[in-house]
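*Asks:* Protein sequences, first through last, are from chains A and B. Sequential numbering of the first sequence, starting at 1, is according to my numbering. Sequential numbering of the second sequence, starting at 1001, is according to my numbering.
Simulated from the structure, these hints should not be mistaken for laboratory data. There's no promise every hint is true.
As the list claims (entries may be wrong) - Where chain B lies over chain A, by a calculated footprint (3+ residues, C-beta under 8 Å):
1. 83-94
2. 265-272
3. 305-313
4. 392-401
Everything numeric in this text was worked out from a predicted model, so none of it was measured. By construction, the Cβ of each residue, glycine as well, lies at the ideal position given by its N, Cα and C atoms.
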Amino acid sequence: MTIDAARSRLARVLIQRAALGTALVVTLGACGFVNSGDDSTEDGGSGGSLTAYVNTEQNTGLAPLIEAYEEETGATVDVSSATTDELNQQLRVQLTSGTAADLIRVSPGNSSPVAVGVLGREGELTDLSDAAWTDELGDDTRALAEVDGEVLAFPVSRNAIVMAYNRQVFEDAGVEVPTTWQEFVDACAALDASGVTPIAAPFQGGIFFQFWVYALAGTLVYAENPDIDAQLAAGETTFAENAEWGEVFARIAELRDAGYLSDGMLGIPADQGMQSVATGDAAMVLMVSAGLPQLHGYSEGGADAFGVFALPANDDPEATMVPVAPDFLAVNAAADPEAALGFLDFLAEPENVATYANEMGVLPGLATDVTLDSDVLAPIEPLLADGRSVAYANYLWPNGDVQQTMLQSGQEWLDGALDTTGLLGQLDAEYAKGQS
Amino acid sequence: MTLTASPPSTDGGPEVARRRSRRASVPYLLLVPALLFYAFVVLWPTLQGAGYAFTDWAGRRETPGFVGLDNFTELFSAPAARSALRNTLVIAVSTTIVQTLVGLALALALHSALASRNLLRTMFFAPALLPPVIIGFLWQYILTPAGPLNDALGAVGLGGLAQNWLGDSSVALASVIGVIIWQNAGLTMVIYLAGLEGVPPELHEAATMDGAGRWQRLRHVTLPLLLPATTIALSLTLIGSLKLFDQVYVMTGGGPGYATETLSVVMYKEAFVSGRYGYSTAIALVLTMIVFAFALLQLRGLRRFEVQQ
Chain A
1 MTIDAARSRL ARVLIQRAAL GTALVVTLGA CGFVNSGDDS TEDGGSGGSL
51 TAYVNTEQNT GLAPLIEAYE EETGATVDVS SATTDELNQQ LRVQLTSGTA
101 ADLIRVSPGN SSPVAVGVLG REGELTDLSD AAWTDELGDD TRALAEVDGE
151 VLAFPVSRNA IVMAYNRQVF EDAGVEVPTT WQEFVDACAA LDASGVTPIA
201 APFQGGIFFQ FWVYALAGTL VYAENPDIDA QLAAGETTFA ENAEWGEVFA
251 RIAELRDAGY LSDGMLGIPA DQGMQSVATG DAAMVLMVSA GLPQLHGYSE
301 GGADAFGVFA LPANDDPEAT MVPVAPDFLA VNAAADPEAA LGFLDFLAEP
351 ENVATYANEM GVLPGLATDV TLDSDVLAPI EPLLADGRSV AYANYLWPNG
401 DVQQTMLQSG QEWLDGALDT TGLLGQLDAE YAKGQS
Chain B
1001 MTLTASPPST DGGPEVARRR SRRASVPYLL LVPALLFYAF VVLWPTLQGA
1051 GYAFTDWAGR RETPGFVGLD NFTELFSAPA ARSALRNTLV IAVSTTIVQT
1101 LVGLALALAL HSALASRNLL RTMFFAPALL PPVIIGFLWQ YILTPAGPLN
1151 DALGAVGLGG LAQNWLGDSS VALASVIGVI IWQNAGLTMV IYLAGLEGVP
1201 PELHEAATMD GAGRWQRLRH VTLPLLLPAT TIALSLTLIG SLKLFDQVYV
1251 MTGGGPGYAT ETLSVVMYKE AFVSGRYGYS TAIALVLTMI VFAFALLQLR
1301 GLRRFEVQQ
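Sequences and hints are given; from them, build the entire structure.
*Replies:* Shown next as structure tokens:
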């Protein structure tokens, strides 16, 4: 063999071995057999480590508390965040693949594939029933945090559905805050006569439409019949058979047919609806309290330019209920619970409950006696103190598909392409499918 | 000149054959890492995903139950899914036809000695460079009832044409199609411009000398020679519009009601909103088959037409 031939052979052997070696590394690396050393980033500190996957609102509210917790305990809290929609999409996959964080944001009831009810029944969440703070759960929050008698979620805050109105527009039209349905309709008529759109209805996508359904159902359906969810689940009634549910949509239709909702409502996105209230083109908008800072930001007058009230649904001012939604954290059952439980105990301390609520301008998650810095929600606090709160209607439906049908078919109903009987029939069909 | 027979080759023999064989195998060995990676990242998940289409997998840990063809039966019987299938086909066919014609017209207009042609080419192509999500948010704003489009129509005395572009179920699908064409017509234009560069000017000169007018030269010289570009443009447009998702999801979310819902949007909602991964995979499988069938039919038809021309 000549020297050139030997070099040539050596080169071929090297290429072959390099190729095989690369293939092996790629394959094994992809299978997870090769340690990349990335784990070294999880420095637990002297007090242990905790990972959390929360939504962006929780991330903002928790930031000062995490800093305080880390200082106090020497522990490390590694937080990832995403919008609620993105989080809901990713968390299911993370739980299935075993990569979910220790502390996770979960939806209330059965409202999504990553809701307390759904994950709890699958054994994905740790039982928190022994924690001292469970004594401070409000009734409507407890109903959504419990699965088979076990508390599986911690409420970091609560949001309420409120009617936000432009004070100047109300004053110019000589309108007082309504306390009954008839007063509300009369106020709309007066506002309409003054040349403004009485109600901003940014119903593109249906999100703001559902607030109307939940707000009216809270007073018309749940206050009248607190057992309605159990009756629906047992097949003792249906949406179509239940007169109160029919009344909910009759109320919305009354406003739509009178022309009190925005023109072209199905093409208006949420931000434009809120801006129309801020500019005075529209008088009020039904929204969640967590969105109030965004509304206030659209006006030079800030929070002072707006007021809120609970949407009345009948002619008894004392019967109006406020729909309230807890924002939950839960502990992944696959995680070491000690650090997560310790962190939740820390969040449940009254001063920390207050810190979170004031940071975010939301209602405290626990029924703790907390003084809020902001008086934005003061008009509805007496109702909440009287126990006149109710969970969103969709939370105890069997799954998120019933709500999705309401959002999409509800748009067809608003457009006049579907009548109320047809809409309620579709909800019943989806509800039955969810139970099967 | 003397011709002599060549001596028998001395570089033959088993050793040489082995060396040639080894040398020939080197490229294949170099391909192995990429093939393994492709198989692991693409082929295996694809086949596994196809399997889930026949299960009721809800993204949980336990083994999903086999449901046979139930997911496919539901897909073709549920009114919402049928509506999405119809919308998908309407978008695909109308977008493919109109976008190709608009792209061709732009290319013919700008394949000229026009002084501003490069600027115009850039302007028409620019939307194709923007992310679809950005396009979606931009047009969602433009098309709102109080948005710039209706304002502009009012300003030029055409207020009667103002519409609730995305909120009226009778015009929402057409609005979405218009946006898709607006974004991608520039890409089709570029494909045709490349095709036009390949048309020999001598053919036009010869045709002109034979007395052919502008329309006859276009009909009998330019368009036949643009058939390969047409094949590419039609294929890309059809495949892209069949799997359309981003712009629809951002602009309308499939609404109002179900008016603009496409198969891709339903697939997304079923998987990530409802957690029905098995059913969603069945939709993905059907969509893949539709794309494959359309692309194959179109390519074969156009290739045959090219050969005939």
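*Asks:* Against this structure, judge whether each hint is valid.
*Replies:* Now for the hints, and whether the structure bears them out:
no. : hint    : in the structure
1   : 83-94   : holds (count 4)
2   : 265-272 : holds (count 6)
3   : 305-313 : violated (count 0)
4   : 392-401 : holds (count 3)
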